[in-house]
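Student: Residue numbers (the working numbering), protein chains in the order written: chain A, 443 to 941; chain B, 38 to 532.
No lab work stands behind these hints, which were simulated from the structure alone. Glycine is no exception: its CB is placed at the ideal position from the N, C-alpha and C atoms. It is possible that some hints are incorrect.
Unchecked claim - Beta-carbon label-pair distances, calculated as ranges:
id : chain 1 : residue 1 : chain 2 : residue 2 : range
1  : B       : R229      : A       : L537      : 44 to 50 angstroms
2  : A       : G887      : B       : N63       : 37 to 43 angstroms
3  : B       : N63       : A       : R599      : 56 to 62 angstroms
Spelled out from the first residue to the last, the chains are:
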Amino acid sequence: MILANLAALQVVIPLLAAPIGIALRPATLAWAWATLVAIAAFACSVGLFLQVQTGGPISYAIGGWEPPWGIEYKVDALSTFMLVLISGIGASVLLYARRSVEAEIDPPRIYLFYVAYLLCLSGLLGMVITGDAFNVFVFLEISSLSSYAMIAMGKSRRALAAAYHYLILGTVGATFYVIGVGMVYMLTGTLNMDDLARLMPQAAGYRTLEVALAFFTVGLALKLALFPMHKWLPDAYTYAPSVVTAFLASTSTKVGLYVMIRVFFTVFGAPYMTEGIPVADVLVVLALAAMFSGSAVAIWQGDLKRSLAYSSVAQIGYMVLGVALISVAGMTAGLLHLFNHALMKAALFLALGAVFLRIGSVHIQDMQGIARQMPITMACFVVGGLSLIGVPLTAGFISKWYLMLAAFQDGRWWLAVLIVLSSLLAVVYVWRVVEAAYLRPRPQGAPVATEAPLSLLLPMIGMAAANIWFGIDTSFSMTAAEAAARAALGAALGTGGVQ
Amino acid sequence: MNPLLWILATPLIGGIGIALAGRQPNVREGVTLVTAGALMWQVWSLLPEVLAGGRPSVTLFEVVPDVPFAFAVEPLGMLFAAVASGLWIINSIYSIGYMRGNREHKQTRFYICFAISLAAAMGIAFAGNLFTLFVFYEALTLSTYPLVTHNENTEARRGGRTYIGILISTSIALLLTAIVWTWVLTGTTDFRPGGILTGAIEGPEIGLLLFLFMFGIGKAALMPIHRWLPAAMVAPTPVSALLHAVAVVKAGVFTVVKVIVYVFGIDLLANAPSAEWLLYASGASIIIASLIALRQDNLKRRLAYSTVSQLSYVTMAAAILAPLSIMGATLHIAAHALGKITLFFAAGSIYTAAHKKKVSELDGIGRRMPWTMAAFAIGALSMVGVPPTAGFISKWYMLLGAYDRQAWFAIGVITLSTLLNAAYFLPIVYAAFFKKEKRNHHSDAGHGHGPDHDHGEAPLPIVLALSATAFGTVALFFLAEGPLALARQVVGGTP
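Full structure from sequences and hints, please.
Tutor: Pasting the structure below:
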């Protein structure tokens, strides 16, 4: 019974648990409830992952209404890959959250924070699992609205402005998406993605379809913060509570990319990306611009959350670049980086959260000499940073290796060169932190920090260890990413269409 | 466990031991010495098997499909590992004298990082493919960074930035690209006698790939990417001695020779006009670095530029592409290691005893520190290539190889640079022994270590260590048959 309905439970558990959380006012109780729910969601994801691995894709009809009339939940290798990642990060961040949230959010609002967190989690999971284009919009709004609320809970008053900024741009993005959905519905009369893909050839040639594609592209690019539509991201990440930044940086933009992959490859199909409007080429250019501008700007940021936020803009560029190569190798590399980058940014932002807890700032000036007082936290930061640079035996190296390989195999060796050149910028923005934290003395009169509490250290160490683990044993991440890439491309290309 | 894995694990286990013994300096230094001894014994006990033609190897696991984490011993790596592990013991004895004599801070961290660096050097020496080599190459860069920045002052930070900046960026931007390209072309990154690229690449692309490799291997300090090496001189002298005269830079030129012999293959490069630039680039590097060395008054900087020049000897000898010159390159890895570590030991000895860093301050110091300056003289003679020192033999083979290939440019470079080497080393020796000590007329009251500071020899461990390496420099001249046998196997000779 439970096993057969895992696909529904995946979303329903956190969605229904959220309103229950309103009744659980004490902060610790609210935290425990949210954590328990997130762990349950993670269990569902792992269960689905194993089911898909052995039994192939699952199609689940919500309420027994058969697709394409009812809402279909479509679980294939790509979606389980994403589900495991999102719910895994979601649960890890919650394990870490208790002390950090107590310090950064108004006590009377803490229970509401956990409610918003669970809603956001269910929205993200829903976007990934659903096979219905309009349903994606519904979950997109659930996750976005709860994100705005969580960001606005940041301690600084600027958090409100950041949340408002994000609200406007996020709404524009969502609206563009839904306009795109409306146009394809006009042409085909269906909202189910597989059904859309089937009917798409009949609609080919209509200008409306091209316009729809443009709306989809711009709307989703806003959600995943692809250059130059990333303006909301730095402020949102900087002023949000540390926990929110760690969670959103590792999941939210990734889901945006996932939806983009679904729309481009499942609905429109890979051939459409290169014929007509050269979407793939546009994406390559934007990705390169993101890689260089994001990393370059990251170098000059004093606030490290902001620096890492710009780094995220750059890293999203790498993922989009992989996807835009439109080959199994490129898609694999993009998805692999999506996974690995989630691990890096989780480790880095969790470490910064611990620093913020202890000294109330993550400005590079205030963090001088901090490594002597918080050695474990900064060691985790260094591991995350090395992974970001792409030093061998870290997860980041694996993604860079595959990305370069995909570029070479595509005959675009100049892309490989640009990839490594832009990653040199990461050396600069990571190393200046290492230098400040390890080689400078604590400033006069700076607060004496102590090592972060164990409840923060353990998830942080876990994330840092994951960066090393997935840099050495790539059997899970690699196999999953490759299966996911084949699932994403296979539907559109048939078998063996692109190598 | 496989003996190769034990060799990698030994320094790491030693590092843990050092950390545990951190509060008791005598025990801690004991652990370092025992670890170094155990490492040397294990490495040297592989020698007979390798000399007899054995190639012990072990494959661990695949990090990405078809790219395994693998180790394999071949003669070149054997020589590099034997030199590095052997000198670690001597250097540890020296470190004890130096670090205590100068009352350095954070000595435990120093010894731990040293042990990790040695593990990384062993990994480079025994790497079975380019990927494994790259992993340890980066590990060596990162583990030596805390050693370079040991003093934690502005100068150390600046030096460290240059060090890590150049080494990491060249390796990621160029070397990694070269490795991925090689993999795409051949489907393997293994080191194989005769190379793996034959038939997979042709025309100007050979020259381009060679460019990516040669400038990607920043540790070989081919000009213009040599700046990290003088920058690294802010480190305590034992670090300059073992790491920046032996482990790190030799890892660089070792990789250069390895790539030329086992990845490209001598025959492929010999028939590729686009690869000829390396001969000229390395020749220019030798001469320019020597000219810069001539003008340095800071002794360690002069030694650093001498190292840049000597490293390019190895690169040029490999680029001549004659079997005899490749043998010369192999021998030079050992010969230069012994000579240059002696010179650095002497520089550190002078600093510890006399607190002098400048060449111009060394007049007459030979009378106060006869052992140190005698060792310095032997090291200097080896750099110039005067018999009976090890430097003569490697230069001899390089010249033989150059003559074989009618590489007159190389012969000219070697001749000219020999003169330059003599010009920047021998005056130091002359001044130390035959000039009169300068008397400082500025009163330097209140400072116990003024230039007039009355001093004798450095502490005993330092004198022991530098005498041992000076002795080794001469001994290698007479016992060159061992390294020669290995070098012959590098170029395909049978055991």
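Student: Now, for every hint given, state plainly whether the structure supports it.
Tutor: Here's how the hints hold up against the structure:
1. B:R229 with A:L537: 44 to 50 angstroms: holds (49 angstroms)
2. A:G887 with B:N63: 37 to 43 angstroms: holds (39 angstroms)
3. B:N63 with A:R599: 56 to 62 angstroms: holds (59 angstroms)
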